[in-house]
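Protein sequences, first through last, are from chains A and B.
Residues in the first sequence are numbered from 4 upward in steps of one, following the numbering used here.
Residues in the second sequence are numbered from 478 upward in steps of one, following the numbering used here.
Keep in mind that the hints are not guaranteed to be accurate.
Unchecked claim - Straight line, CA to CA, 20 Å or less: simulated EDC-like cross-link-like pairs of lysine to aspartate or glutamate:
1) A/Lys364 - B/Asp814
2) A/Lys178 - A/Asp149
3) B/Lys630 - A/Glu279
4) A/Lys137 - A/Asp149
5) A/Lys364 - B/Glu792
To be verified - Per label pair, the in silico range of CB-to-CB distance:
6) A/Gly359 - B/Thr675: 31 to 41 Å
7) A/Arg300 - B/Pro577: 52 to 62 Å
8) B/Thr675 - A/Asp81: 53 to 63 Å
9) A/Asp318 - B/Ala495: 51 to 61 Å
10) A/His363 - B/Pro577: 30 to 40 Å
11) B/Ala820 - A/Ala86: 48 to 58 Å
12) A/Met112 - B/Asp555: 36 to 46 Å
13) B/Asn596 - A/Glu69: 51 to 61 Å
14) A/Gly14 - B/Phe507: 54 to 64 Å
I should point out that these hints are in silico values taken from the structure, not numbers from a laboratory.
Here the structure is a predicted model, which is why all the values come from computation and not from measurement.
No residue lacks a Cβ here, since even glycine has one placed at the ideal position from N, Cα and C.
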Amino acid sequence: MSGDVILRATGVTKRFGGDGFLTRSPVVQAVDDVSLEVRRGETFAIVGESGCGKSTLARLLMRLLEPTAGQVIFDGEDISHAAGPELTRLRRDMQFIFQDPFSSLNPRMTVGKLIGEPLEVHRPELSTGERRAKVGDLLRTVGLSDEHANRYPHEFSGGQRQRIGIARALASGPKLVIGDEPVSALDVSIQAQVINLLGDLSRDLGLTLVIIAHDLGVIRHMSDRVAVMYLGRIVETGTAAEVFDRPRHPYTQALLASIPAPRPEGEERAAHLLGEMPSPTAPPPGCRFHTRCPFARPECRTAIPELASADPGEDHRVACYYWRDIASPDGAARAVPRSEPAEARFALYRAAIEGGQVVHKPAGSAPAAPPAT
Amino acid sequence: MSSDHCPPSERPAGTAPADILRLTDFKLRFRGQSVATVNGVSLTVSAGEILCIVGESGCGKSVTAMSVMGLLPKGTSDVLSGDLSFMGKTYDLRRQNLPPHLRGNQIAMIFQEPMTSLNPAFSVGDQIAESVLQHQGGTRAEAMQRARDLLVKVGISAPDQRLKEYPYQLSGGMRQRVMIAIALANDPKLLIADEPTTALDVTIQAQILDLIDELRRDTGMGTMMITHDLGVVAEIADNVAVMYGGEIVEYGPVREIFANPQHPYTIGLMSAMPRLDRPGGRLAIVPGSVPAIENMPSGCRFRTRCAFANERCTERPLPKAAGSGHHATCHFAPLEDHIRVQA
Ligand SMILES: Nc1ncnc2c1ncn2[C@@H]1O[C@H](COP(=O)(O)OP(=O)(O)OP(=O)(O)O)[C@@H](O)[C@H]1O
Ligand SMILES: Nc1ncnc2c1ncn2[C@@H]1O[C@H](COP(=O)(O)OP(=O)(O)OP(=O)(O)O)[C@@H](O)[C@H]1O
Ligand code: SF4
Ligand SMILES: [Mg+2]
Ligand SMILES: [Mg+2]
Chain A
4 MSGDVILRAT GVTKRFGGDG FLTRSPVVQA VDDVSLEVRR GETFAIVGES GCGKSTLARL
64 LMRLLEPTAG QVIFDGEDIS HAAGPELTRL RRDMQFIFQD PFSSLNPRMT VGKLIGEPLE
124 VHRPELSTGE RRAKVGDLLR TVGLSDEHAN RYPHEFSGGQ RQRIGIARAL ASGPKLVIGD
184 EPVSALDVSI QAQVINLLGD LSRDLGLTLV IIAHDLGVIR HMSDRVAVMY LGRIVETGTA
244 AEVFDRPRHP YTQALLASIP APRPEGEERA AHLLGEMPSP TAPPPGCRFH TRCPFARPEC
304 RTAIPELASA DPGEDHRVAC YYWRDIASPD GAARAVPRSE PAEARFALYR AAIEGGQVVH
364 KPAGSAPAAP PAT
Chain B
478 MSSDHCPPSE RPAGTAPADI LRLTDFKLRF RGQSVATVNG VSLTVSAGEI LCIVGESGCG
538 KSVTAMSVMG LLPKGTSDVL SGDLSFMGKT YDLRRQNLPP HLRGNQIAMI FQEPMTSLNP
598 AFSVGDQIAE SVLQHQGGTR AEAMQRARDL LVKVGISAPD QRLKEYPYQL SGGMRQRVMI
658 AIALANDPKL LIADEPTTAL DVTIQAQILD LIDELRRDTG MGTMMITHDL GVVAEIADNV
718 AVMYGGEIVE YGPVREIFAN PQHPYTIGLM SAMPRLDRPG GRLAIVPGSV PAIENMPSGC
778 RFRTRCAFAN ERCTERPLPK AAGSGHHATC HFAPLEDHIR VQA
């Protein structure tokens with residue numbers, strides 16, 4: 004990963020509503036004064052509770068929405084208000100993967116046509132034959148095959164449809180791909196296939212990925228750097244390792260503590276974050292988290308804390324007045340320790356999945372008693 | 478356990494006197510299909526126990542739960558076999574369902590999307606009170622008082638105000654709490670929860686799981702919880718049933734399932750799950766996807782996706798004991814005794 008910044012947001016803000024003529028709808032502060040940098044080739048994740056503004060931020064970064072205030076710079080150019088041919092070029096360089104592989108593909112188009120369409124728009128110079136060949140390439144890139152081009156979306160499983168969505172996003176040869184919950188609708192077994200695919204693409208094609216997900220395990224697995232959002236603002240950002248292993252913001256700490264995990268025998272359940280996120284139509288003054296924060300003091304209720312360096316030089320930033328006083332919990336994730344034979348089983352499983360040759364021992368060679376547990 | 482093959486109905490845990498629910502060899506086929514969607518499921522829930530049923534989409538979790546409740550639409554399916562015992566009384570599901578009066582009373586159910594099970598036209602208070610009146614009688618004022626107490630019990634603040642509100646005025650987490658309040662209105666013996674937290678944020682999910690855990694402690698209610706999230710299973714289950722293609726492929730105490738999984742599908746699911754403590758790299762996947770019911774293979778239903786399958790797997794494997802109350806349905810469990818993998 005190079006330190007080269009491909010996408011930069013500065014003070015980006017988005018407000019919805021408030022513009023009705025007679026019945027003014029309440030103003031929603033969906034995104035409020037967000038600044039962030041995405042580096043070329045990295046996988047950057049945005050995480051936070053439902054309604055905190057993740058999708059809105061993603062749409063602002065892609066210029067699918069215009070910011071109320073602030074700037075988005077993509078590859079050195081201010082795209083905040085891009086229009087016309089500039090926007091077409093932008094659509095080629097930045098692509099979107101949607102959450103729902105079922106509704107995001109036109110059911111009446113063949114897979115070949117679905118993937119060919121962005122090629123027609125962005126690569127008009129290709130002949131029909133070249134385009135067909137390119138569609139084949141793309142299908143193989145995402146682990147499908149050429150023959151799939153003549154089939155319709157309903158003939159595919161959820162994971163395959165998501166692969167088609169990814170092939171479609173890759174067709175224009177984008178530099179950056181934003182995925183809004185790209186694996187959330189998939190079962191674990193299928194989700195793993197798509198996560199591996201996205202990892203391969205980022206490595207092999209040098210693609211920059213911005214991933215929105217609410218599954219913290221997925222984020223931890225996939226991303227290099229993370230931004231944690233709460234009520235429209237970034238409250239903590241840093242490398243995935245820093246944020247997950249040494250969370251500084253009380254909200255990040257609470258979020259991580261909420262991840263379901265085994266409870267060691269006899270141990271009490273940890274206290275969980277109480278209450279719910281307030282409505283973004285009436286965000287609390289001061290630190291937006293103060294209404295749920297166990298560490299809040301009077302200062303927290305008046306002025307908004309800045310996102311400031313938590314560990315100078317380490318690129319870890321936090322928006323909390325008192326992070327220095329708040330112990331960072333031991334980030335060690337809880338897991339049930341596996342028995343030794345079980346470890347051997349997992350190793351066998353992985354070896355077999357990764358192409359090893361499975362040999363069945365002759366019957367009778369197995370020990371009679373089940374393994375001690 | 479001495480015998481190698483141990484049918485679930487003979488598990489010691491299944492004979493405990495405190496069994497609330499026991500389902501034995503339940504098989505169900507939808508009309509117009511030639512293959513059974515649920516193919517011989519046996520499970521038990523005892524007092525205070527949380528049994529989690531986990532498995533991927535379409536494996537028959539909801540169909541099983543709906544059948545226990547007698548809620549599957551009539552005339553769409555045939556029960557091929559299955560005995561259901563509830564509080565000591567046994568019903569042959571081929572001929573009869575649970576008596577309807579038990580539903581919403583001794584057995585309560587909550588669903589993934591509470592909005593579809595709450596009536597948008599009635600206030601929260603009216604809906605809870607209605608359930609109380611229907612099963613317990615008494616006056617409207619008493620029922621309303623009970624509704625208020627229940628809201629407090631499920632952790633809803635400002636209960637007097639909430640009683641008057643309508644479902645659309647509540648957040649998803651709040652609606653799920655109201656659903657739980659309704660479910661608890663008549664002190665059920667058994668709670669069936671079908672993906673109760675799937676639509677919720679982790680923070681709210683944690684609160685709801687805390688609530689269910691606390692309630693079963695206080696009331697001794699048994700819980701059958703359906704989920705596809707192994708994290709939720711690890712956190713809350715006492716026992717786990719792992720389902721694949723309409724069958725339980727592995728069943729056992731939660732720590733056993735995680736510390737000593739036996740079935741290739743269980744191992745695959747756990748390998749495919751991104752882990753906080755082992756980030757990066759490639760996940761070991763479960764290849765392919767679940768076949769459509771008509772293409773379900775004979776023998777072991779997992780064999781079209783299983784890396785260890787051979788001709789023996791065309792024969793249906795029997796449950797094999799792996800420890801106390803723990804069994805798995807695979808010819809080659811435990812793998813290390815039967816399989817080598819060459820690079
Ligand atoms: N077009 C719009 N008009 C009015 N309000 C909107 C609009 N789009 C989003 N909002 C509001 O802005 C807030 C942030 O929404 P957003 O969709 O960005 O959240 P999110 O973090 O993506 O949530 P989720 O995890 O549920 O997808 C929400 O309160 C939402 O209702
Ligand atoms: N009325 C019906 N007629 C025919 N098939 C049905 C019917 N209802 C459900 N099925 C099928 O039965 C199978 C099991 O469905 P079920 O809803 O129990 O799955 P599930 O495990 O709950 O999945 P999910 O995690 O998606 O909720 C599915 O293949 C489904 O398509
Ligand atoms: S019985 Fe065969 S196909 Fe089924 S899980 Fe075991 S090895 Fe795999
Ligand atoms: Mg969103
Ligand atoms: Mg279901």
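Taking the hints in turn, this is what the structure says about them:
Distance restraint check for A/Lys364 and B/Asp814: the Cα-Cα separation of roughly 8 Å lies within the 20 Å cut-off, and the hinted pair is therefore satisfied. Of the supplied pair hints, the one linking A/Lys178 and A/Asp149 is violated, its CA atoms being roughly 24 Å apart against a limit of 20 Å. Annotation: proposed proximity of B/Lys630 to A/Glu279 holds, straight-line Cα distance about 17 Å (limit 20 Å). Only pairs whose Cα atoms come within 20 Å are accepted, and A/Lys137 paired with A/Asp149 is accepted, the gap being roughly 10 Å.
As the CA atoms of A/Lys364 and B/Glu792 are separated by approximately 18 Å, the hinted pair is consistent with the 20 Å bound. Take A/Gly359 and B/Thr675: their Cβ atoms lie about 35 Å apart, and the range 31 to 41 Å holds. A C-beta distance of roughly 56 Å is found between A/Arg300 and B/Pro577, which places it inside the suggested range of 52 to 62 Å. Separation of B/Thr675 from A/Asp81 is about 41 Å and departs from the stated range, judged on CB atoms against 53 to 63 Å.
For A/Asp318 and B/Ala495, the hinted distance range of 51 to 61 Å is satisfied, since their beta carbons lie about 55 Å from each other. Under the hint 30 to 40 Å, the C-beta atoms of A/His363 and B/Pro577, about 51 Å apart, miss the expected range. As the Cβ distance of B/Ala820 to A/Ala86 is approximately 56 Å, the hint placing it in 48 to 58 Å holds. Between A/Met112 and B/Asp555 the beta carbon distance is about 39 Å. The supplied range of 36 to 46 Å therefore holds.
For the pair B/Asn596 and A/Glu69, the beta carbons lie near 41 Å from each other, so the given range of 51 to 61 Å is not met. The hinted window of 54 to 64 Å between A/Gly14 and B/Phe507 holds, with their beta carbons roughly 57 Å apart.
Against the hints set out earlier in the document, violations occur for numbers 2, 8, 10, 13.
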